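Trainee: From these two lone chains plus the hints, build me the complex, please.
As given, the protein sequences belong to chains C and V, one line each in that order.
For the first sequence, the positions run 0 to 159 when numbering that gives the first Met the number 0 is used.
For the second sequence, the positions run 0 to 793 when numbering that gives the first Met the number 0 is used.
Simulated from the structure, these hints should not be mistaken for laboratory data.
Computed from a prediction, not measured in an experiment: that's the story for all the values here.
Incorrect hints may have been included.
Said to hold, decoys possible - Here are the computed lysine to any residue pairs in the SDA-like style, where the Cα-Cα straight-line distance is at most 25 Å: (1) 25/V x 42/C; (2) 115/C x 152/C; (3) 20/C x 108/V; (4) 25/V x 115/C; (5) 581/V x 442/V; (6) 443/V x 16/C; (7) 108/V x 16/C; (8) 108/V x 152/C; (9) 20/C x 572/V; (10) 25/V x 122/C; (11) 394/V x 442/V; (12) 25/V x 152/C; (13) 20/C x 106/V; (14) 108/V x 1/C; (15) 581/V x 5/V; (16) 359/V x 420/V; (17) 108/V x 293/V; (18) 25/V x 30/C; (19) 108/V x 61/C; (20) 20/C x 289/V; (21) 314/V x 745/V; (22) 20/C x 33/V; (23) 10/C x 29/V.
To be verified - If we take Cβ atoms under 10 Å as the criterion, some of the chain C residues that face chain V in the derived model are: (24) 96; (25) 102; (26) 137; (27) 152.
All residues carry an ideal CB built from backbone N, CA and C; glycine is no exception.
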Amino acid sequence: MSVIQFSVNGKRESIDVPPMKRLLDVLREDLHLTGTKEGCGEGECGACAILFDGELVNSCLVPALQANGARLCTIEGVSTEGHLHPIQQCFLEKGGAQCGICTPGMILATHHLLDKYPNPTMAQIQEGLAGNLCRCTGYMRIFESVQQAAQQANELTAKS
Amino acid sequence: MSERKPILGGSPIRKEGRAKVLGAAKYIDDQELPDMWFGATVRSSIARGTIRSITFSPEINWEEFAIVRASDIPGENTIVHLTKDHPCLAANEVNHPEEPILLLAHPDKTALIAAVRGVKIEYDELPGVFTIEESETAVENNDVERIIWPGSDQGGTANCFKTYLMYSGDAKETEDGLATAFENADFIVEGEYHTGAQEQLYIENNGVIAECFRDATGGIESLCVRGSMQCPYYLVHALTLVFNLPEDKCRVIQVETGGAFGGKEDFPSLIGSHAALLAMKCGHPVKITYDRAEDMAATTKRHPSRTRHRTAVSKDGKLLGGTIDVAIDGGAYATLSPVVLSRATIHAPGPYKWPHVRVKAKAMATNIPPHGAFRGFGAPQSLFGLERHMDKIAKTIGLTPEEFRRRNFLATGDCTATGQPLVEPVDMQGLLTRALREAGYHEKLARFAEENKTSSIKRGVGFASFMHGTGFTGSGERRLNSLVYLDVREDGRPEILVSSTEFGQGTNTILSQVAAQTLNLPYESIVVSPVDTSIVPNSGPTVASRTAMIVGKLVERASLQMLTLLRNEEKLPEAHTPEEFKAAALAYRAKHGSLRCSVRYEPPAKIYWDDELYRGDAYPGYAWAVYVAEVAVDMNTYMATCTRFDALQEVGMVMHPVLAKGQIEGGVAQGIGYALYEKCMWKDGRMMNNQMTNYIMPTSADLPPIHVHFEEVPSIHGPGGAKGIGELPMDGPAPAILNAIENATGVAFNTIPLLPEDIFERFTSFTDPELGGTEDMDPAVDRDTRVESAEVSA
Ligand code: FES
Ligand code: FES
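Chain V on its own, in the form it takes in the complex (with noise of 0.2 Å):
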């Protein structure tokens, strides 16, 4: 046998690493096709009305230009994602700002800058809402000019794209178990929290190039759509729809692309068509690529949100129950909103262990442009209210964050909130005790508190405990039915056909690695195809941390079958060299043409899930995690500053420990931009600082060190005992801040994102800040949240 170290776990030079390091990879903006014209979009000026004229400037000669409207597209005006409420391009009203109406291309690119301009637009404006309550209260009131979304034949009601209720156990009894907890309980405790919308700002905007090909007789044959996104075959879905053409004339290709973090999982549908439409109308290939502006101002972002807790607790700091409501802003189409919101709903309650839980969520439509996924989708945003609330209740009930924590956790063989019992290894003690010791917290708790006293700068420590399930929800994964081909090509390497696509998380490299390392052959030798829906099978969207698990494991799988088949075939030795795999695998190849071994998902133990119920196994597998932030806080300049930040996770084996330590620290520290830097401004629905000059991300200046720290517990679902790593680091840093600030300053904030200026209004709207210490605040006093009655009876 050759003994060969081992590939998983080993932490091999990225595929396209190369390219990408000498600036050779090429992204759709630096590709370009014979005759090719240029894109550009008209868009809506108002939140909401109905078009009255479009006029054309006459000191353009509109001539030159391919020019499409509503009417123009051959199939049904749809973007589909789960309802069909989102038009491809506004035919008589308009929704939000920035909403598509009008397509033009031309040959030349700086021509389309004033052609834009020189299309006039009138509208009869309506009233439009543009946050939760402004939408819950128009239908509160029944006021029918504020209902901006009617419902839909496939689910939601007005105003609102979908809700969710979620109890613990049997509706009834769970309710009435609820009852008696607040009748029982020591302590009452109600909060409620509020995160902002946050901009995707992946370097690369979005972009496609689209081509329409024609039959003989000058209809349309079919379409080819190049771009940077992370989900092809959703394109196609969106193409057979706007063109009513079959799926595979429909040919969609992934080109390198630049950072996608969700903001390129159902956006490019849009952008595809809209390329495909003009192609189609002037005969050239078309290119439209946004400029920052235009992507900031029109694509989707992450999902604002506002979080209500009531929980009931003992005395000795036991959960008795809680309630929780989860409220999204979807902006003016449901797209994805519904998915994004089970996700919020499933992980509201954490990793705790709730006699009776009930979660309630809803997903309202305002007049703003739709918002989308974005790592974490919906988690983040019910995580953070949880997370903020615990140490609420510690506080209260005066406990330490920690002591409170410990005594409520999820641990092996109990059942999460949808009653899925945790028959894997889970150990929420063990990983609080290393984060904390990882940090020093408990050192740094004393020492601050000391120093605290005497010094303008506050200094805190605070954490974070949490999950997050990998895969698709439920009985998702069964039915996307994932496909993934493993070929032998005619050189004798072996070939990986996936349409899980790369943009920078790592999938080509991981998913080399686990046919290297089972094929028993160098990583160097495995190709990865290019995804080009005409060669690559579906093998289901690259979203919901599921690649490394879900597809990764389809990997194995079919490595697996093709070493059996060539050991059955061509009599593999059953300890390989590299060259006696190649010899068996042209051997077979010669005899039957070509080597393919083909796998669909099964799932790799029973998995029971109630859409209606909303029970059961909500995940194949969760990742696990403590995180813990240090802050500074300048009373001075009331500017909070993240100083170091220890995340810990259980993410089963880890597959590349240079990879997956990079995902974790991008993940981190675009948690730490959502709590304290990133604010989107709006005006009437239209995002007013979409530039990078006034949206303020992370610099490598503003980050604190960033330590990761895993602990490898084998799972039974991903190849080499992985599972999905993606989103969960988004989760934790916001809370674990707003925690070490709370702990810094005796304030508990709770709506981010957190600005210098809104902890300076905070601060100054006490009469007078220094008098007695901020540590002396009333936790009571605290405007943010409501408490009823902190104290029932004790």
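Just chain C, same shape as in the assembly (with noise of 0.2 Å):
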């Protein structure tokens, strides 16, 4: 066992594992966190994606010893007190989730995409979601929720 410390949504969490747990496992057994799923184990699905240090990972694929000191935010971070992240606004007006289980980890991807590109292009679009895999919807209407999130934070930005 060794003392990992690290934060999650913005609250620092230090805990006794073992150091090759798997992130997803501390997440969802330790630290209660079940948004964050797990579809395949082995890095293949996106399910389990969560943000470190801002950049989109499989916690599936990352043993708890990594994320010692690291920033971690997972689908229970997005939301401010139960107020939607326009993304999850528009995921849930689009049809972006339909049985729900790639959403979390869909939504953290596109968190992740739009902080790199605030104007997707489809392909960027299609590009930056393919390590997230969704049976459900043929992925058109993520692409429209997407979009959506896209050109309602533009318009934010040009208001301000």
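Mentor: This is the structure in structure tokens:
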């Protein structure tokens, strides 16, 4: 066991876990942040995606030890006090979530994508989400959700 | 009257959507119960044989574990579907790789991995059969060694779970008609078409948590199983047999379900029974969740199939008669194969007028984990064969695929191949015209032909026309006898109680829309009860594209009944406000203690079905569609890509445009995967690529723009004129894409999935594919089909 310290969704955590325990399990089991899902456990589906120091990573591939000192953001940290983030609102309105199991990872991937490209082209959206599998939607509603979120964010910046 | 915007046909927010985008929705693996243990399954390492011995490694302290064997089962060792051939745990013999033999539970999940490995099972192996053909050959040669399924008193013969023989009329008259048709035909066209298994790949694997409660004497008092599933009452039924308990002692709760597609229709009966057995044994709640590799290797997939067509056609392009032989690979146990085969049979003749047609169908046994329900349920298989064959006939007789189909489409007033008169309007001609226009088909046809002459990227367009029956087959809905309740709760809000489950398709949302619209209340005021069999009635399984149309109609009727009741009893005014409704409902509750309207299924129109002859009204209603695919085949990499997709359908009135589009797009994406990406690799009955790394489903970067179009024609069967929609989009993409590939390359491919290596192999098998251009390839040299006589007389 080793003591690992990091911040999740702005909160400092210090936990004693086996160093090789998957970060995904630390989040789900030790911190009860079950919004991060497991779809494959081998880095293929993106259901376990989180933001790790601002980068999109699959938490099923990260040993807990590696998170020491890191700043993490999970789906639970995307909304503020029950208020949906605009990305979440767009997924809700545009039908971006069907069964919802891929949705947390998809929303974090969108977050990351829009940080990088505030005005993404269709190709950038397709590429940016290619690490997140969705079996329900065929992705079209997700693309629309992302486009609407980008548009709203741009309108906001234009206003301010 | 308080005028409000129509709710049906609008796109209100998905009921459980907020929890999903917040990451707050609780799926089974997000839940735990106090003192819960974890379960694991010890599975067969061989395809077929008898169990000689089971030994437990001395390195493990087995005292800490709960162990369940077949002999611990208190009731019958069977998972009931239609026949009782499927054991809950293999007792003496195993019939497929990964067959469950033993169950283990332990408080620490991580201890289970070594424990599963620590159980050594020795077998006396028996020879297995792994394809439809091997299974048939064993029967033909009376090779008793390879008769792997004996037949059963509930139907089926050696190696064959089920057969159907369906005629378009009286059997003798049809046979005579066929004989004459083939005699007089200007052309006889034959073809053989194959489809592979398809993995469900819901992103959430199968999982359940079970509890077993004891009475004062230590006997089993009751069970409670919660989990990811489509049909909670199927699991109730399974538990009653495995535990020999009455139905009301077997409580099942569906929790948020992360995709299902049919894969969680019958399989939860097995994993749910397993967890309940472990809970019985260890006295703790037990959770079993599969990891991806186990889920892919051990659970159900789409049935592989082979469809053979022999068709008599006149030179003016009329179908004179046809025989269609469909065979599906059912895997090791019958499970739902007879029902899947039934849908394959009924859909095999498609949306065409056949003066005489005979469909022979069979489901064969193989030593592969049982194949099961998967969106489309047999129809994608036989429609793939049909729609490839239609293009082949067109080519043979010198008509365009469009013109040939136009000369044979069913229309309003015609009878389908089962003799069902099409009373509700059907306009395949109009659908085809619009679909081709939306896709720019004619312009592309001409342009690609020109561009392909000088390009190494060959582009093409193709389409498929088809229909999908909604609801259960024939008298199925009457037998199901579905029941729904509509209550008003203490807080005055109406609550829908059904066993219909939400797994992404939008059940909660559309049923709420129906209730809100009918009760003239805001959508937000409607509550959908959790699906817990101790509270909700059996409104039938959530399968067969039946929920919107059949259960939706029941919710509509219950809502009307409630209005009538409140108008009569509580003087609810005709044009009520939400406040007036609430006041009236609460006044009624105050007098009677509760307010509940319950409604049972009644066929809305006369439905006649003969299960022996397989004739009559096969489905209450049909959705009709034409799908157009555009493809590009790179002749350097042999990669075929779908570059645009247009899906036009007539599904009655669209209840929720956003959800409906999402359903169609999701189905089309699965269909594109089925055609071009998703290949199950088998070795001796075992799936070898049971990982997401080597079983490839389309990512966001692989899919083309999917354009969804609706034609709205109200149906009498569903609420607000709606019909079913869920399975339809699975049927069209594969044949449309392969038709487009033939248009692009001049070569007919008749087997899916079609991967670059298959295209490569095919092209390099020609001496010089570049010589004279591939467009000139004669369909008569097509390896996948056998044209004995493309032209009998011209
Ligand atoms: S669970 Fe981590 S990528 Fe699939
Ligand atoms: S919504 Fe079900 S997997 Fe994406």
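Trainee: Next, verify each hint and record whether it holds.
Mentor: Hints, one by one, checked against the model:
A threshold of 25 Å between alpha carbons decides the hint, and for residue 25/V with residue 42/C the separation of about 22 Å falls inside it, so the pair holds. Restraint check for residue 115/C and residue 152/C: the C-alpha separation of about 13 Å stays at or below 25 Å, so the hint holds. A distance of roughly 13 Å separates the Cα atoms of residue 20/C and residue 108/V; the hinted pair therefore holds under the 25 Å criterion. Restraint check: the Cα-Cα separation between residue 25/V and residue 115/C comes to about 31 Å, which exceeds 25 Å; the hinted pair is violated.
As the CA atoms of residue 581/V and residue 442/V are separated by approximately 58 Å, the hinted pair breaks the 25 Å bound. For the hint pairing residue 443/V with residue 16/C, the CA-to-CA distance comes to about 61 Å; that exceeds 25 Å, so the pair is violated. Under the criterion of a C-alpha separation no larger than 25 Å, the hint pairing residue 108/V with residue 16/C is consistent with the structure, at around 15 Å. Note on residue 108/V and residue 152/C: the hinted pairing is violated, with a Cα-Cα distance of about 44 Å set against a maximum of 25 Å.
Proposed proximity of residue 20/C and residue 572/V is contradicted: the alpha carbons are some 64 Å apart, above 25 Å. Proximity of residue 25/V to residue 122/C is assessed by CA-CA distance (about 33 Å); at most 25 Å being required, the pair is judged violated. Under the criterion of a C-alpha separation no larger than 25 Å, the hint pairing residue 394/V with residue 442/V is consistent with the structure, at around 20 Å. Under the criterion of a C-alpha separation no larger than 25 Å, the hint pairing residue 25/V with residue 152/C is inconsistent with the structure, at around 30 Å.
With a C-alpha separation of about 18 Å, the suggested pair residue 20/C and residue 106/V falls inside the 25 Å cut-off, and the hint holds. For the proposed pair residue 108/V and residue 1/C, the alpha carbon gap of about 20 Å is at most 25 Å, so the pair holds. For the hint pairing residue 581/V with residue 5/V, the CA-to-CA distance comes to about 20 Å; that is within 25 Å, so the pair holds. For a cut-off of 25 Å, the pair hint linking residue 359/V to residue 420/V stands: about 22 Å separates their Cα positions.
At roughly 15 Å between alpha-carbon atoms, residue 108/V and residue 293/V fall within 25 Å of each other, so this suggested pair holds. At roughly 15 Å between alpha-carbon atoms, residue 25/V and residue 30/C fall within 25 Å of each other, so this suggested pair holds. Restraint check for residue 108/V and residue 61/C: satisfied, since their Cα atoms lie roughly 20 Å apart, inside the 25 Å limit. This hinted pair checks out: residue 20/C and residue 289/V have alpha carbons roughly 19 Å apart, not beyond 25 Å.
Of the pairs offered as hints, the one joining residue 314/V and residue 745/V holds, with about 23 Å between alpha carbons and a cut-off of 25 Å not exceeded. The suggested pairing of residue 20/C with residue 33/V holds, with an alpha-carbon distance near 23 Å, which does not exceed 25 Å. Proximity of residue 10/C to residue 29/V is assessed by CA-CA distance (about 21 Å); at most 25 Å being required, the pair is judged to hold. At a threshold of 10 Å, the smallest CB-CB gap from residue 96/C to chain V is about 5 Å, leaving the interface hint in force.
Satisfaction of the interface hint for residue 102/C is found here, the shortest Cβ-Cβ separation to chain V being roughly 5 Å, below the 10 Å cut-off. Restraint check, residue 137/C versus chain V: the minimum CB separation of about 3 Å is within 10 Å; hint holds. A cut of 10 Å between beta carbons decides the hint on residue 152/C: the least distance to chain V is about 17 Å, and the hint is violated.
Hints 4, 5, 6, 8, 9, 10, 12 and 27, counting from the list given before, are not met by this structure.
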